[in-house]
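*Asks:* Residue numbering for the sequence shown follows my numbering, beginning at 82 and increasing consecutively.
Derived from the structure by calculation, the hints contain no laboratory data.
One or more of the hints may lead you astray.
[Claimed, not checked] Computed list of lysine-lysine pairs in BS3-like fashion (alpha-carbon distance at most 25 Å, straight line):
| # | residue 1 | residue 2 |
| --- | --- | --- |
| 1 | Lys258 | Lys298 |
| 2 | Lys341 | Lys354 |
| 3 | Lys501 | Lys180 |
| 4 | Lys266 | Lys300 |
| 5 | Lys493 | Lys366 |
| 6 | Lys298 | Lys354 |
| 7 | Lys285 | Lys258 |
| 8 | Lys341 | Lys501 |
[Said to hold, decoys possible] Simulated DEER-style distance windows between Cβ atoms:
| # | residue 1 | residue 2 | range |
| --- | --- | --- | --- |
| 9 | Pro453 | Gly138 | 42 to 50 Å |
| 10 | Leu445 | Thr119 | 35 to 43 Å |
| 11 | Thr474 | Arg342 | 32 to 40 Å |
| 12 | Lys376 | Asp304 | 37 to 45 Å |
For each residue, glycine too, the CB sits at the ideal point set by N, CA and C.
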Amino acid sequence: MAKIVFVGAGSFGFTRGLVRDLLTFPTMRDATIGLVDTNKERLRFAVRAVNKIIDQGGYPATVQASTDRREMLPGADGVLVTILCGSTRVWRHDILIPKQYGVDVTIGDTRGPSGVFRALRTIPEMLAICRDMEELCPDALMLNYTNPMAMLCHAMQRSSPIEATGLCHSVQGGARKLERWMNLKPHSMDYVCAGLNHLSWYLKLERNGRDLYPRLKRKVRSDPDVYWQEPVRNEMLLHLGYFVTEGSGHNSEYNWWFRKRPDLIRHFFRGGKGLNTGTNAYLLKMYQAREKTWKQGIREWLARPEIDLARGHEYAASILHARLGGELFPFNGNVPNHGLVTNLPAGCCVEIPCVATRAGVRPLHVGDLPMPVLGLTHLTANNHMLAVEGALTADAGLVYQAIAHDPLTAAKLSLAEARKMTRDMFRRNRRHLPQFKQINL
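With the hints as constraints, model all of the structure from the sequences given.
*Replies:* Written as structure tokens, this is what we have:
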């Protein structure tokens, strides 16, 4: 009987979707589901949701719950992590302080000054989870959904023997989007995608051995509706030659081209929706609004007479099924770069094709990234490594250097201004970063 533990089970959407998926597999239909969250109210809601899924599906699974992960981890086969360190009262300053300096971000959870400080607060907790797993379930596979994905995974992969990989739906989600644009049947396109989390590139798009990139570029150039669904990604496609995984709102923060002037933001995000609105602090405002409504949304879901139990598109359940002896499963995961992407830094965390097996996650060799996308990707990988080294050694100078090299920051600020902004962010986070004894900036 398998045991799967959710750390951060109060992330209601992830927990209910992933549990639904797990129970569709014969290796886990009778699993013990361990739920962990420090928020007792959210944990109670999660328990009710999982029990609803079990009852409606008639599964012989069981649920356990605790606010202490050490009570749940013993005997775990898989550990799924969906945590958020700090409320909006803490991480809003990751967005607001850079804005004061002219660095305008819309999401702020992946890289740049906002993502780096989120990583600084989260890395100690991720490493603490790894230490508990080393003691209580050393053979378990950790699947991380928490951002900033690349920096968190890099910190864990260089600090702990626990097998950990990070998962993001932007790879398969992007592929499905491209199929819709080109009027292809779902899952009829073959692709190879590699790079970094939220900055991976579809190196190959084919159908029946035929290159689809000419068709895609014609569609983007000729169809305004398609172009304006993803203006940032499509501009990058048309100028660099390759389509990138994460959405336009996210990707506008990761380079020099789209957010350095207000007129550019207005141009590229006219009519944008959701995460692609491009407006300053969009994710922060969305979370702040949810703080007032999340309970009602969960109660409405729990009150539904029936829920959809069909398997979704997330990778986690298929990976764990393979780990438990089921079919091999190909996916894109975040793994250490040991000769896999040959022109990215050794040891950085790359997002590349992998295969889940009973013996673990097996990454596949990619080779070189194309030169047109290498510059931005290599710089970003180096920045991740600088920030993680700063986090692990409590070296504020390395953290500053990672932020100073961030493309959007560098497009807006001088080195001295970037240093001052970093100093202000450390001061605001002093209570949450006790490992940094001195901030000599």
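*Asks:* Against each hint, give a clear statement of whether it holds in the structure.
*Replies:* Hint-by-hint comparison with the structure:
For the hint pairing lysine 258 with lysine 298, the CA-to-CA distance comes to about 14 Å; that is within 25 Å, so the pair holds. Under the criterion of a C-alpha separation no larger than 25 Å, the hint pairing lysine 341 with lysine 354 is consistent with the structure, at around 21 Å. Proximity of lysine 501 to lysine 180 is assessed by CA-CA distance (about 13 Å); at most 25 Å being required, the pair is judged to hold. Taking the CA atoms of lysine 266 and lysine 300, the gap is about 16 Å. The hint holds against a cut of 25 Å.
Using a Cα cut-off of 25 Å, the hinted pair lysine 493 and lysine 366 holds, with the two alpha carbons roughly 23 Å apart. Of the supplied pair hints, the one linking lysine 298 and lysine 354 holds, its CA atoms being roughly 23 Å apart against a limit of 25 Å. Pair hint lysine 285 plus lysine 258 holds up; C-alpha atoms about 15 Å apart against a cutoff of 25 Å. For a cut-off of 25 Å, the pair hint linking lysine 341 to lysine 501 stands: about 19 Å separates their Cα positions.
For the pair proline 453 and glycine 138, the supplied restraint of 42 to 50 Å holds, since their beta-carbon distance comes to about 48 Å. Hint check: leucine 445 to threonine 119, Cβ distance near 37 Å, so the stated range 35 to 43 Å holds. Distance hint check for threonine 474 and arginine 342: the Cβ-Cβ separation is about 36 Å, which falls inside the suggested range of 32 to 40 Å. Lysine 376 and aspartate 304 have their C-beta atoms about 42 Å apart, which keeps the hinted 37 to 45 Å range intact.
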